[in-house]
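A.B. asks: Just so we're aligned: 320 in the working numbering is position 62 of the sequence shown, and the numbers increase by one with no gaps anywhere.
Bear in mind the hints are in silico, worked out from the structure with no lab data behind them.
Note that CB positions come from ideal geometry on N, CA and C, so glycine has one too.
Don't take every hint at face value.
To be verified - So the derived label-pair ranges between C-beta atoms look like this:
| # | residue 1 | residue 2 | range |
| --- | --- | --- | --- |
| 1 | R369 | L324 | 36 to 44 Å |
| 2 | P368 | A333 | 36 to 44 Å |
| 3 | Q268 | M309 | 27 to 35 Å |
As the list claims (entries may be wrong) - Think about it this way: if two alpha-carbon atoms lie no more than 27 Å apart in a straight line, the pair counts; the simulated DSSO-like pairs of lysine-lysine are:
| # | residue 1 | residue 2 |
| --- | --- | --- |
| 4 | K349 | K364 |
| 5 | K310 | K322 |
| 6 | K264 | K349 |
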Amino acid sequence: MATSAKSLPQLTARARRVRDLYTAQALAAGARPWGSAELAQGFVGDVGDLMKLIMAKEGLRSAKDLDAALAHELADCLWSVLLLPDAYGVKLEPAFLTTMQHLEQKLTVPRRTKTAQTSRARQV
């Protein structure tokens, strides 16, 4: 069931609730719940599945219900991305904003071309 747009903290809270449901299910079955490493390993598997769907989107593979499968896999990946910061003590929102700021600064600072650098080096 789709709902209206949510903020990052709301999405993270929802991801935590689903993680808690998985934990309860594992405990009820007498299994050990996933730890941080398993969460990261699951993410890697989801990214692999996502890549297969992207290849299908690019015409390199076939897949059933491609658009729905792609949306599902992207959501699975996002679920892991929302939970991994908890596992490793990272504050995702400030980390993302800081990283984007650094990238924007790096990409908007005028860069000298290699030709201009070579020319200037010869003059010195």
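A.B. asks: Looking back at the hints listed earlier, which ones does the structure fail to meet?
C.D. replies: The structure conflicts with no hint, since it agrees with every one listed earlier.
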